[in-house]
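Participant: One-letter residues, chain by chain:
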Amino acid sequence: MAKSIDITDLDIYYGDFKAVEGVNMTIKAKAVTAFIGPSGCGKSTFLRSLNRMHEVIPGARVEGKVTVDGQSLYDSAIDPVEVRRRIGMVFQRPNPFPTMSIYENVLAGNRLNAKRMPKATADTIVEKSLRGANLWNEVKDRLGKPGMGLSGGQQQRLCIARAIAVEPEVLLMDEPCSALDPISTAAIEDLIHELKSDYTIVIVTHNMQQAARVSDDTGFFNLKAAGQPGHLVEFNPTKTMFTTPDNPDTEAYISGRFG
Amino acid sequence: MTALLAPSTLARPRLPRWAPVVVAVAALAVAGLISLLFGWSWIALLVVAGLLYVFALPLWSRVLEGPRAATDRLMTHLVWGSFVVVCVPLLWLLILVVQKGAPVINGHFLTTSMRGVIGSMPGGILHALQGTIVVTLAASIIAVPIGLMTAIYLIEYGRGGRLARVITFLVDVMTGIPSIVAGLFALALLVMFFGPAFRAGIGGAIALALLMIPTVVRSAEEMLRLVPSDLREASYALGVPKWRTIVKVVLPTAIGGIVTGIVLAISRVIGETAPLLVTAGYNDSMNGNLFSGRMTTLPVYIFNQYKTPGATPLGAHAADPPGYARAWGAALVLIVIVMILNIIARIIGKIFAPRY
Amino acid sequence: MSLTASPEQTPTGPPESDSGSPARRSARLGDRIFAGAALGAGLLIMVVLAGVFIFLLIQGVPGLSVDPSTYGQGFDNFWSYVAPLLFGTIFISILALIVAVPFALAVALFISHYAPRRLATPVAYVIDLLAAVPSVVYGLWGGRALAQALKPVINWLGDYLNWIPLFKGPASPNGQTALTAALVLGVMILPIITAISREVFAQTPRLNEEAAIGLGATRWEVIRLAVLPYAKSGVIAGIMLGLGRALGETMAVTMVYSSSPKFTLNIIGDTSPQTIAANIANNYSEATPDKQHVLIAAGLVLFAFTFAVNFIARWAIGRGERNLAR
Ligand SMILES: Nc1ncnc2c1ncn2[C@@H]1O[C@H](COP(=O)(O)OP(=O)(O)OP(=O)(O)O)[C@@H](O)[C@H]1O
Ligand SMILES: [Mg+2]
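Protein chains in written order, with this note's numbering: chain X, 1 to 259; chain D, 1 to 356; chain E, 1 to 326.
Ranges between beta-carbon positions, derived for each pair: (1) F169/D - L29/E: 31 to 39 Å; (2) I98/E - W80/D: 15 to 23 Å; (3) D284/D - I94/E: 35 to 43 Å; (4) A308/E - I183/X: 45 to 53 Å; (5) S80/E - F194/D: 27 to 35 Å; (6) I94/E - G288/D: 40 to 48 Å; (7) L265/E - G288/D: 47 to 55 Å; (8) I347/D - A37/E: 25 to 33 Å.
Just so you know, these hints were derived from the structure itself, not from any lab. Backbone N, C-alpha and C define an ideal beta-carbon position, used for all residues, glycine too.
My request is simple: use the sequences and hints to build the entire structure.
Facilitator: In structure tokens form, the structure reads like this:
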């Protein structure tokens with residue numbers, strides 16, 4: 001079941017360095033939320049704090065609250081491994097497991113919980129996920145081939161298939177199209193549209209048109225100055241953001257009049 | 001696409017924070033009880049307690065947290081446990097060498113040979129020190145120029161050519177030559193020219209040089225490769241011939257790393273025993289002549305004292321025959337030499353660390 | 001032979017100019033001499049290696065056909081003499097691998113993935129220290145201290161596990177057994193396996209590890225999914241190099257237990273299978289010229305065998321690098 005996420009007063013640190021400060025927002029279920037902002041303002045950092053990926057970096061920690069479906073993510077009773085299974089992630093560069101076939105790549109997450117599953121179940125999951133990722137028709141005849149043999153765009157969709165194969169509740173995407181050509185990008189944007197009906201999607205992008213095309217809500221992050229923590233400047237429905245933003249900085253950034 | 005199978009909560013039953021402490025105490029208690037019952041030593045107690053701990057906590061975790069978390073905990077325990085186990089022989093060996101060797105070492109031990117020493121008369125290692133220094137120096141004199149020039153060829157002249165590739169491959173092969181085979185080669189060489197009974201330090205030096213060359217080539221190659229090519233080109237642009245560029249510009253830039261590599265190579269071969277055993281043999285007296293007569297080195301001295309330790313002196317309380325004591329003393333000296341060489345290499349490496 | 005490595009062949013050579021001034025000419029001469037010396041050193045290495053082989057061959061081949069009495073009682077030709085030695089060499093080395101590999105891999109993982117960063121560097125240094133200890137010191141430690149400490153263990157094995165061929169016994173009373181030697185060898189080859197494995201573990205692309213973490217993998221599952229498959233060929237190469245070292249190790253084996261050339265699986269008894277290296281070290285001193293030929297021939301067999309093992313290791317490393325480059 002797709003879930004909404006509430007964030008209150010979130011500060012994120014790398015050791016002593018405060019990378020993101022005082023974020024408050026609500027990410028709606030079954031909608032696409034986009035984050036934009038200049039490089040280094042903490043978009044990836046914030047995104048990774050939503051499924052506790054952040055804390056695998058030594059010294060990294062957060063203060064504040066992230067609540068999914070009424071449960072505080074950073075509670076001591078919460079199992080971070082379970083959090084990451086339920087809140088899936090797609091990375092900037094496609095990263096299929098190089099030693100695995102396409103088939104095994106899709107199943108990698110499922111195999112963690114069920115080492116042995118009936119062949120029929122496995123086949124169903126693979127087909128459903130690959131169809132969900134709009135990749136089935138391209139690879140159905142070579143499922144046994146290495147995942148690294150695909151094109152960059154196909155690899156990225158394979159990674160999306162791998163992420164949705166475990167049926168997460170939220171899908172986080174960190175610049176999923178930045179390493180792809182326009183055609184693959186269009187394919188992934190279409191895919192995001194389709195996935196929206198089942199998942200809560202959060203996407204980081206540097207491409208303003210992409211944010212405008214795919215998202216329902218948009219958050220704009222910015223830095224006060226170099227070395228200062230990044231913060232959320234404005235969070236509004238995408239339409240509002242791109243037509244009548246509340247904040248002059250947002251308007252400046254979106255219209256390209258920004259340093 | 002709802003998550004039907006998964007429970008709808010992110011919380012999982014987890015072991016309490018104090019679980020490891022409780023399990024550790026319990027493991028110690030159980031092991032203590034057993035060893036009281038069977039009269040085990042404290043080593044057995046620690047081993048059993050360790051094993052209990054490594055497996056008990058994952059077992060508890062399996063019941064409470066499920067198999068995946070349990071496997072993760074078990075692997076973490078095994079990895080940490082392996083690290084602890086691996087530290088044991090190293091610490092044991094070092095402590096033992098110091099403990100047994102330190103009482104033996106004194107001025108006399110360091111300044112006399114074994115000439116005329118019988119039974120538990122005090123003897124020394126001076127001849128072995130002399131032999132080690134002479135043989136290792138000779139080996140370095142052979143190996144360093146060959147190794148360095150080969151590295152220069154590989155980097156400055158042969159770059160990527162077929163000959164360079166063949167040589168690189170052969171250097172790899174040389175790395176794998178067992179030291180005793182290097183010794184046999186030197187022996188075969190000497191026997192061919194001087195007859196089957198010939199033993200002398202030079203044979204040992206040849207064998208050690210054979211073992212040193214690949215290390216020297218490898219490290220020098222690495223260092224030369226790090227020298228930026230702008231440096232060379234700047235020199236060429238001034239009209240300096242290639243060989244002077246190499247000698248005056250490239251080598252000085254890389255000298256720190258090269259010397260470090262050479263010192264490390266020396267520290268590696270200075271402890272070699274087998275090749276010297278078969279080529280240079282053993283001798284009780286001082287012999288500084290590389291080309292005639294058997295020559296003792298420190299490792300061979302240790303081996304010899306170990307093999308023929310002599311009888312325990314009558315009425316002495318020490319259980320060890322005198323040879324063992326001398327072997328430990330010499331082992332301590334050898335380890336100290338090796339460590340000093342390693343430290344020197346490190347310091348040189350630090351001082352000349354590339355700064356470009 | 002022409003000095004093929006003249007500057008005009010190399011990309012970084014100095015600009016060639018044809019002014020015939022004496023300074024130029026002497027510079028050219030210097031270049032030739034220097035290039036010649038460099039090439040000569042490289043060629044010398046080829047010559048030396050060929051020499052190793054040829055000298056061992058010349059001095060070893062007569063050892064194949066000496067009077068049978070030279071081989072010792074019970075052996076009527078060279079091969080019947082060297083076969084049990086080869087068996088012993090491989091047997092002891094494999095035992096050492098069995099001891100070393102799990103620990104070496106665990107310690108490599110410890111350094112690359114488990115240890116807090118402040119601990120990882122000193123641990124790596126300590127493991128290198130283990131490699132710096134001379135083998136004769138290991139022999140001393142193994143033959144005296146470890147043998148002493150293992151006595152109760154060996155007795156226990158002989159009493160309770162003697163139905164396993166390895167522990168058939170009767171247990172040696174002094175603890176100086178092949179088992180002891182295998183443990184010492186294991187400690188000695190651990191550093192090389194650890195060093196190579198930790199390097200390949202650390203090279204796992206962060207991207208793949210994050211993929212696994214993002215799927216909700218535990219730390220061990222990350223290693224299983226993303227690290228181990230990636231590192232496989234590198235680890236195999238490290239193991240083969242460790243094996244190569246164990247095959248040729250002499251002192252630790254010679255000093256730790258007394259042995260004789262025979263086939264036996266018993267590793268806790270008084271006489272255990274001998275290795276080629278130990279056989280050479282034990283016999284070189286009282287060797288007649290004939291026996292010397294025999295020993296050199298045995299050394300040649302060892303050389304050929306370690307060469308094959310190291311060759312496979314290098315090949316595995318090369319293959320791994322090619323795989324990763326894709
Ligand atoms: N592993 C890390 N350790 C320390 N600081 C980090 C780490 N990763 C990121 N940072 C710092 O945190 C801040 C935010 O980085 P982040 O990667 O979140 O930016 P971003 O908005 O995603 O930028 P981009 O658009 O370029 O991806 C930066 O100042 C960065 O230097
Ligand atoms: Mg980013």
